[in-house]
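Residue numbers (numbering that gives the first Met the number 0), protein chains in the order written: chain D, 0 to 406; chain A, 0 to 152; chain U, 0 to 152; chain H, 0 to 379.
Keep in mind the hints are simulated off the structure, nothing from the lab. Since the structure is predicted, the reported quantities are computational estimates derived from the model, not experimental observations. Any given hint could be a false lead.
Said to hold, decoys possible - EDC-like cross-link-like pairs, simulated, lysine to aspartate or glutamate; straight-line CA separation at most 16 Å:
1) Lys122/U to Glu93/U
2) Lys3/A to Asp33/U
3) Lys72/A to Asp110/A
4) Lys289/D to Glu273/D
5) Lys163/D to Asp123/A
6) Lys65/U to Glu28/D
7) Lys134/A to Asp73/A
8) Lys12/D to Glu4/A
9) Lys163/D to Asp124/A
Stated by the list, open to error - A few chain A positions that, by computed beta-carbon distances, are all more than 10 Å from chain D:
10) Lys39
11) Trp135
12) Leu151
The beta carbon of each residue, even a glycine, is placed where N, CA and C say it ideally should be.
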Amino acid sequence: MRDVAVVGVGLSKHVSKRRDVNIAELVWEAVSAAYEDAGLTPGEVDGVITGNMPAFEGVNLPECWGAGHWGTYRKPLLRITTGGTTGGSVGHGAFYAVASGLFDTVIAIAFEKQSDGDSTAGLNTVILADIAALLGFGVDPSLLLAFGGGAVGIAVYQASSYMKSSGCTTHHLDKVSVLCRTNAAKNPHAHLQQPGLTPDDVAKTDLMQYPLRFGHVCPASDGACAMILTTGERARKLTDRPAYIRSVASCSDEGALIGIGGSGTLNVDPGRQESCKLAAARAYEHAGIKDPRNEIDLAEPYAPFAHQLLMFYERLLLCDEGEAPAVLNSGSMEMAGELPVCPSGGVISTNAIGASALERIAEAAMQIMGRAGEHQVQKDVHKAVAHGWGGMVNLNVVAVLADTPRG
Amino acid sequence: MEYKEETTSIQGTWPLEQWRWKHETSVLAKKFLEALKDKKIIGLKCPGCGLVYVPPKPYCRCLSIPDEWVEVKDTAVITTYTFTGSWSFGGRLEGTGAPLVIAGVMYDGSDTQTLAILDGVDPDDVAVGKRTRVKWPENPQGGINDIMHSELI
Amino acid sequence: MKADEDLQNVGRVGLPLAPAFNWSVGNWMEQFFDGLKERKIMASKCGLCGRVFLPPRMICERCFAKTEEWVEIPETGTVEAFTAAHVRVGPDGELADLPEPQLIALVKHDEADTLLVAGLVAKNASAGMRVRVVWNETPSGALDAISCYEPMD
Amino acid sequence: MNKEVAVIGYAQTLYEEDADASREMLTLRAAREALVSAGLKREDVSTVVTATNDYLDGRTISNMRTVEPSGASQKDESKVEMDGAFAALYAIMRILSGFHDVAMVIGVSLASVYATYLPGIMILDPTWDRERGLLNEVSAAALQANCYMREYGVSDEQIASVSAKNLDNAARNPLALRQMPGLSVEQVLDSRMLYSPIRELNAWPATDGACAVVLASGKTAAKAEKPVWVKGVGLCHDSYLTERPLAVMESLKLAAEACYKQAGITDPASQIDLAEIHENFAHEELMAYEALGFCEEGKGGELIESGITQIDGGLPVNASGGALGANAVCATGLARIAEAAMQVVGEAGDHQVPGVKTALAHGQSGPCAQDNVVFILGGD
Numbered sequence: 000m001r002d003v004a005v006v007g008v009g010l011s012k013h014v015s016k017r018r019d020v021n022i023a024e025l026v027w028e029a030v031s032a033a034y035e036d037a038g039l040t041p042g043e044v045d046g047v048i049t050g051n052m053p054a055f056e057g058v059n060l061p062e063c064w065g066a067g068h069w070g071t072y073r074k075p076l077l078r079i080t081t082g083g084t085t086g087g088s089v090g091h092g093a094f095y096a097v098a099s100g101l102f103d104t105v106i107a108i109a110f111e112k113q114s115d116g117d118s119t120a121g122l123n124t125v126i127l128a129d130i131a132a133l134l135g136f137g138v139d140p141s142l143l144l145a146f147g148g149g150a151v152g153i154a155v156y157q158a159s160s161y162m163k164s165s166g167c168t169t170h171h172l173d174k175v176s177v178l179c180r181t182n183a184a185k186n187p188h189a190h191l192q193q194p195g196l197t198p199d200d201v202a203k204t205d206l207m208q209y210p211l212r213f214g215h216v217c218p219a220s221d222g223a224c225a226m227i228l229t230t231g232e233r234a235r236k237l238t239d240r241p242a243y244i245r246s247v248a249s250c251s252d253e254g255a256l257i258g259i260g261g262s263g264t265l266n267v268d269p270g271r272q273e274s275c276k277l278a279a280a281r282a283y284e285h286a287g288i289k290d291p292r293n294e295i296d297l298a299e300p301y302a303p304f305a306h307q308l309l310m311f312y313e314r315l316l317l318c319d320e321g322e323a324p325a326v327l328n329s330g331s332m333e334m335a336g337e338l339p340v341c342p343s344g345g346v347i348s349t350n351a352i353g354a355s356a357l358e359r360i361a362e363a364a365m366q367i368m369g370r371a372g373e374h375q376v377q378k379d380v381h382k383a384v385a386h387g388w389g390g391m392v393n394l395n396v397v398a399v400l401a402d403t404p405r406g
Numbered sequence: 000m001e002y003k004e005e006t007t008s009i010q011g012t013w014p015l016e017q018w019r020w021k022h023e024t025s026v027l028a029k030k031f032l033e034a035l036k037d038k039k040i041i042g043l044k045c046p047g048c049g050l051v052y053v054p055p056k057p058y059c060r061c062l063s064i065p066d067e068w069v070e071v072k073d074t075a076v077i078t079t080y081t082f083t084g085s086w087s088f089g090g091r092l093e094g095t096g097a098p099l100v101i102a103g104v105m106y107d108g109s110d111t112q113t114l115a116i117l118d119g120v121d122p123d124d125v126a127v128g129k130r131t132r133v134k135w136p137e138n139p140q141g142g143i144n145d146i147m148h149s150e151l152i
Numbered sequence: 000m001k002a003d004e005d006l007q008n009v010g011r012v013g014l015p016l017a018p019a020f021n022w023s024v025g026n027w028m029e030q031f032f033d034g035l036k037e038r039k040i041m042a043s044k045c046g047l048c049g050r051v052f053l054p055p056r057m058i059c060e061r062c063f064a065k066t067e068e069w070v071e072i073p074e075t076g077t078v079e080a081f082t083a084a085h086v087r088v089g090p091d092g093e094l095a096d097l098p099e100p101q102l103i104a105l106v107k108h109d110e111a112d113t114l115l116v117a118g119l120v121a122k123n124a125s126a127g128m129r130v131r132v133v134w135n136e137t138p139s140g141a142l143d144a145i146s147c148y149e150p151m152d
Numbered sequence: 000m001n002k003e004v005a006v007i008g009y010a011q012t013l014y015e016e017d018a019d020a021s022r023e024m025l026t027l028r029a030a031r032e033a034l035v036s037a038g039l040k041r042e043d044v045s046t047v048v049t050a051t052n053d054y055l056d057g058r059t060i061s062n063m064r065t066v067e068p069s070g071a072s073q074k075d076e077s078k079v080e081m082d083g084a085f086a087a088l089y090a091i092m093r094i095l096s097g098f099h100d101v102a103m104v105i106g107v108s109l110a111s112v113y114a115t116y117l118p119g120i121m122i123l124d125p126t127w128d129r130e131r132g133l134l135n136e137v138s139a140a141a142l143q144a145n146c147y148m149r150e151y152g153v154s155d156e157q158i159a160s161v162s163a164k165n166l167d168n169a170a171r172n173p174l175a176l177r178q179m180p181g182l183s184v185e186q187v188l189d190s191r192m193l194y195s196p197i198r199e200l201n202a203w204p205a206t207d208g209a210c211a212v213v214l215a216s217g218k219t220a221a222k223a224e225k226p227v228w229v230k231g232v233g234l235c236h237d238s239y240l241t242e243r244p245l246a247v248m249e250s251l252k253l254a255a256e257a258c259y260k261q262a263g264i265t266d267p268a269s270q271i272d273l274a275e276i277h278e279n280f281a282h283e284e285l286m287a288y289e290a291l292g293f294c295e296e297g298k299g300g301e302l303i304e305s306g307i308t309q310i311d312g313g314l315p316v317n318a319s320g321g322a323l324g325a326n327a328v329c330a331t332g333l334a335r336i337a338e339a340a341m342q343v344v345g346e347a348g349d350h351q352v353p354g355v356k357t358a359l360a361h362g363q364s365g366p367c368a369q370d371n372v373v374f375i376l377g378g379d
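When you get a sec, could you build the whole thing from the sequences and use the hints?
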């Protein structure tokens, strides 16, 4: 198999409302930044992989009218969309495009412009079809909101299940928010930047639905991310320190609209996330990583909800199950720590949904390439893991990056 | 050209009211709900892997079609739970008093989870792994509400 | 075709929901919209290849460069193609017959390189015919400022 | 490509106007039958790529509920939000990368669930065309047809003869939705006018259905009973419909060039034995003849008149009935791959063309065939 490496990353600034640009123009900001970062022009790229979560913008196949802004003129283009994992799936698609030998250099583009739609309505369309089935069971529609976890969705079930199994407390959740949002303050592209935030500040925010408070939940962002991938050979000509993508793996489990719908039966507890463990194990194996705890230098788990940072830290096999809260307390996850987690600020600080999982890969790549600027971690990053989560609690995507090829 | 921070917004919709989703579950539900009238909870068992789906499901992850109706118990184990906060129901519960506890429960004999309301239970008393029993109404109507409420055992 | 009745194995359900959207058009389209209010047709031009975009695009797709020149283009143009619409898409998303056919034209404005689509009111329409904009006397916004095209006499 | 990836199994459901089944059940049927066709079990598949569309399916993350019925539970699954033929290309990439050995590709949609023409309108430029209410897939295609006819002098009769051919062929395909044996050009020209020159019988029928294709690496395919090798692939995206010349399918031309280069095709008309073209509208098939190099630019009308593309001609096109015969969006292009493979294997029954060694399959996505993908398939 050919080596595949990241040679350029571009992100737009993420904010709640970008009303000065349209979707295509917003995405251009990330795309042009990626070309600049890679030192390439669109003419030197031979394929485009793109995706977003279209229900948020209300535009079907948005590349049909918008891609002219992204340097795609008469190029091969593949649209990959998988919900919350979309960005990760787009990154994986770009990886496979180069690894297959069919393309030498491709650009991965993922985005969301949530202010063009109604995020809650957008999210609700995830389950409307299931709700339609629920009505067949005579479920009282007024209960559905509470069942669905109100605005926070099924994450509340996942959170309480995880907290029970790990001993994680709401205090840990507060600390996760602090870790991420103070990191975000050093990332110019991040949305919620809260330098000086304290756990007490988070604990004082309103409870949405137990156990999640407003301070534990991601914002809705407008933003885009682009990443240029090429062969190892070409990457070495373009930069001294490319970020190799050693492997990617995804795993899909059963959709978990708990019970009743009959179509989501949740054989697995939403807090288990076996599919994340499976994806991580496969990705490490392909990447030649035998001992992720000691070999991985940095992690970008996809955590729009505070408990997920800890839960996915465990499911990415970076510590034993139930150990993550203690790892958090130890300070190891901090920017200067042993295994920094989300130095970018993570999804809890910035969530342009379709872009978020690509941003995890892009942030890991930037850290390896030493291009993260103010949020560059102190230690040298040799190997990093990037993750994405989505679907109805059932999709996980994992990418393993390194400063050397697989060998 | 004068650069504007706020430009014109064009309004549009996704007229989903025109969509008609198709579900086998609506048909399976009839049999499931009918059994509730006799205070029986039934599910479908998969011939391929033996999983029991409650409520019934038309397909299995092993690509077989669950086709055998089996009865499961009304006792269950809690797999996860939540309780409502001020923003549940879009904030409508604010100030109404006791939180509503909702648990994911797996009926004994079933391999899947469903949701149940634990009435009047203090959230501090709920825990994953605790057991519950359905609080049947005196005269079940053959609706999902018949098993919507459970109590801690 | 989309009756709500249950068939043998499948139920169909709809829900009365239509998510709403408001697309910000961006500064390039804004310039175009502002022009339409004054019955001016503004297009953006690529400084590298000279291509003129109508409606305006921020980026020239061929050069990947910002189109930073603005040109006011004539309200006259040529019909590249037209179709007689005997139907339209109704609110239910299906084709509904029109009482009488209406023409829809693809028009290349003089000095522009991309095309606009609008109605065409002409007795003997033909491809290649010269047309001019008919302005809407009472537009509700930019989208309906151009009412249709009519033949140039 | 030299024996690196092959189609080793395929299945299509019956194409219906209003299937008595959910999207999930159609997916399950196609997946099960494709596995049987490949002689494999679910466990043998390492990756699943589905092709669905959130706006057609009426739900965000439209692949969420297809995980289990496609056999993707706990596997490496992804979704291409284009036609299934593009999903097949992605599955081929996954296999060529060496990370995966056997891939299942499934495309599915139910037109009886969605409001037939709304998802197409939702593709249009939201800052201008969409809310102006004139363009939709059919009116846009009509404008394209007029551009094409004007540029090359193609006639209504020539376009109608595509429908007559394909719908007559469809009558030999037991799965096709619109079967019209002996359909004449006059009957096509008498059908209900939608947007001139497009009449009801020049346009795809709203269809429910699914198609699944199993692909395998060279090593595994070599053990299969009748592998159909993927000899070349190519894809290309074109500009938005008001920003490109509509009289030619430039992106199809570029996709075909890339594909032919890999497959060693230098004279498509003589080297290809059969083609399955994704023609949403009859005129698109004529335009595709030209873009695929079956004839010179502008000669598509003459080619259909010559009879070469008839089922008993020298280069039969859409022996299955094509998209005019059945068009379950997202499954249609994938079905072209399945049909092309079926012809190479010799399993096409009443619509089998004798002696097919090399076949072309084409898929498209977007208004006026904005995205195109081309495959060359062949036997040993």
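Checked hints:
no. : hint                 : in the structure
1   : Lys122/U to Glu93/U  : violated (28 Å)
2   : Lys3/A to Asp33/U    : holds (12 Å)
3   : Lys72/A to Asp110/A  : holds (12 Å)
4   : Lys289/D to Glu273/D : violated (19 Å)
5   : Lys163/D to Asp123/A : holds (12 Å)
6   : Lys65/U to Glu28/D   : holds (11 Å)
7   : Lys134/A to Asp73/A  : holds (9 Å)
8   : Lys12/D to Glu4/A    : holds (14 Å)
9   : Lys163/D to Asp124/A : holds (13 Å)
10  : Lys39                : holds (16 Å)
11  : Trp135               : holds (16 Å)
12  : Leu151               : holds (15 Å)
Against the hints set out earlier in the document, violations occur for numbers 1 and 4.
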